[in-house]
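Using the sequences and the hints given, assemble the complete structure.
There are 2 protein chains.
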Amino acid sequence: MPSQEITTDAVIIGAGISGLIAAHKLLEAGVEVVVLEAAPRVGGRLLTKVLSDGTAFDLGGQWLGPEMWRVTNLVRDLGLATFAQNETGRMDLSAQPLSSMDQLTQAEWAWYTAKISWLVDQVNVERPAETPNASELDVMSVEEWKRQNLESEYLRHLFDQLIRTEYTIEPKDFSMLFLLYSVRSAGGFEDLIDLDGGNHTMRLTEGMQTICTKLAEKLGDRLHLDSQAYELEHSETGVRVISEGFNVNAKHAIVAIPPNQAQRIDFDPVLPRRRMKLMQRLEMGSVIKCFAIYDRPFWRTQTLKAVDPDNLIFDHAMDASSFDDKHPALVAFIGGDDAVFWSDRPAGTRRRAVLENLAMIYGDEALYPRDYFDHDWMTEPFIGGGYQCYAPPGVMTNGFEELREPIGRIHFAGTETAVWYYGYVEGAIEAGERSALEVQKALGKEVKEEI
Amino acid sequence: MPSQEITTDAVIIGAGISGLIAAHKLLEAGVEVVVLEAAPRVGGRLLTKVLSDGTAFDLGGQWLGPEMWRVTNLVRDLGLATFAQNETGRMDLSAQPLSSMDQLTQAEWAWYTAKISWLVDQVNVERPAETPNASELDVMSVEEWKRQNLESEYLRHLFDQLIRTEYTIEPKDFSMLFLLYSVRSAGGFEDLIDLDGGNHTMRLTEGMQTICTKLAEKLGDRLHLDSQAYELEHSETGVRVISEGFNVNAKHAIVAIPPNQAQRIDFDPVLPRRRMKLMQRLEMGSVIKCFAIYDRPFWRTQTLKAVDPDNLIFDHAMDASSFDDKHPALVAFIGGDDAVFWSDRPAGTRRRAVLENLAMIYGDEALYPRDYFDHDWMTEPFIGGGYQCYAPPGVMTNGFEELREPIGRIHFAGTETAVWYYGYVEGAIEAGERSALEVQKALGKEVKEEI
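Protein chains in written order, with the numbering used here: chain U, 1 to 451; chain F, 1001 to 1451.
I should point out that these hints are in silico values taken from the structure, not numbers from a laboratory. Source: prediction; values computed, not measured. Possibly wrong hints are sitting among the right ones.
What the hints assert, rightly or not - What follows is a set of in silico ranges between Cβ atoms, one per label pair, in the way DEER data are often shown:
hint, chain 1, residue 1, chain 2, residue 2, range
1, F, Gly1079, U, Pro269, 42 to 52 Å
2, U, Gly363, F, Ala1442, 20 to 30 Å
3, F, Glu1067, U, Pro346, 44 to 54 Å
4, U, Ala84, F, Asn1124, 51 to 61 Å
By construction, the Cβ of each residue, glycine as well, lies at the ideal position given by its N, Cα and C atoms.
Take a look at the structure:
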């Protein structure tokens, strides 16, 4: 079957939340769009599993915080219901017996976290390379910085666990400057340490992917699923995207996919080498998100057992029950090298290991869920992992902030191009809005300066 | 046109020297092969430009050393002529006025290089992760190690220049353990410091690519150019490669491409996540190799001017005249971030910058070559850079040596899977031979234990 020729104002590659937001902002401004999505679904890193009775479980992004004004406004505008995260039974850094540490260890932890906090506050979030001592901080892995600044073996373990929880990568694999930048971008160090806090307090009753399906409905036949973009031709006068099924001719293109996926598109002419290198060097984290549904929320009435993190395959677990508590559930995250290891193991073996681990913390009742499912994000063909791309040492001081700069008529969205809330839904929305504004301005459309 | 179905014993993806050697070893052992090459030429990182009078210039790998017994034997068997590298006029570390340094600086350099040399000797070259203090050395970038161990600003510059010369990457971008491993793999630290020495003494009169074209001729119609492999299906009973034009069914496959290119093949079923991550994380260096041909070799009779390396876009330059001196030539290498920068500049601007730089060292005569050409290795679509893949911090202790392990009926070749002379032609041959032996053994063929 020959490909269908389409002509429009702007073509958007990727129907994650960033691309969908860009599409909506452009339509509102009177700019016509076509959205091409390689997968058979919208949502990207937002993916909701719906049980037969309609109950939603978020296999991907799950939480919101009150300071994320873009997404909370959007959720309100779309009329979506929210509910509070249940904090009983959380197993993570905040559940560690920090208070039972000896005084020396407590003091070292306080000093270490104060030092990081101080560094975080100094980050130039718009231009991370202009942060004081940027080059020194960027050549160091988080692991190396930890070794130079944290003596206690126990605290080193705790810190590793914290890093894997938040970043789904190993401290040895990424730049200290990237850590500082992304913490600052997402609201500061308190939110990293205090997992009960800011960024993880609210959930959507119908699940996070609903945001995307609602937005997609409004696009109608402007959205094409199963339409992987193979080639993006661009010149001074326009762009042309060759995809599975469609050849889209437009005035501008917005590339709204994770940077680690960009090399799957043949750009013609090729993008500047500097940009391609940059996108190639950003790597996606590794994560498997595991749900166990039980008959009753037994973890809410018992004391958690203290378990050496080295004996666990996940770094944090918590309540993930449905909003109405009809499906009491625990969720656990396997991240970093453990995720890579368990991605290669049979599903049944993984299930057993997760449940045995939950039983170590919550008791034997955890061994017998009425349902279990997990999602291995590394198997998503057009994403390749989660939660977000990270920068190995050396990248932040070598053009990182250029990720969001347009190249001719090609614009870039996706949470990795955000200034604030890098890696979050909030950042994805900021990036989608910013890319739409770029296109509006280039087309000479009136711009409402609400942002 | 429908794809042609072929059935054979072993299918080899990649007609660089490693894949070609594997093909030959298998044919010698009575195993039939088909070789698929994505590019329209054989040779991979060996590429020779032939002038109209037949004179050869190597745009890629250029030198051999006497200790590289595999390649020197091969060159002898193929009846190829060699000649000695002309050492007059070399501008690199060995031309720096080390002797004119003050005594303190000289002593620091001696101490620093002794320390690296000592560490190099401790490397477990077969299993780098088992090197003493491997984890500590692997979380550190070369830049970080330099900052901790080298005080003099002048020596730091010198060291950066040395690293870029040998590795075409910036010290901040790769693991200290990788540096130590690759130095040890290629014969030790003396060869790194003393560029006059071991690994860069000999050239081939007809150019290095001749090795590959000679090997390819013997394969006849078993070799298919312009046949990019898209998919590799594999099971317990065999493999099937879907390429541009051919579907090849075989008992075993040898993947003889750089690891950074492996994700361009869809493996079905997917390879273990651990292996895919490993291959993704290895990055290709960045290099542009520039030739200027002159009427006379004026650099052989004059004193080099001392130039601050910061004012140069390349890190080393040297004589590259044709074997008969009919084409006196200089060659310069732009490596690392400079190469990325100059890759994005127009060809004319780059030419002028290179020539002006050569003039700073060799005098104004260098401004007027009778011919100039360069090769930007980042533009090679199925290679993506040069000389070799390197490991960012954290990779060497996380499965690096598994690169060469077969997965079911899939075997791996290419210089990045070698134990000795990683990154060199010598390593590519070792890897090709080893992969052929694996297939021979798996097929129950007699194996001559000559290796």
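Hint by hint, here is what the structure shows:
no., hint, verdict
1, F/Gly1079 x U/Pro269: 42 to 52 Å, "holds (43 Å)"
2, U/Gly363 x F/Ala1442: 20 to 30 Å, "violated (49 Å)"
3, F/Glu1067 x U/Pro346: 44 to 54 Å, "holds (47 Å)"
4, U/Ala84 x F/Asn1124: 51 to 61 Å, "holds (53 Å)"
Violated hint: 2 only; the structure is consistent with all others.
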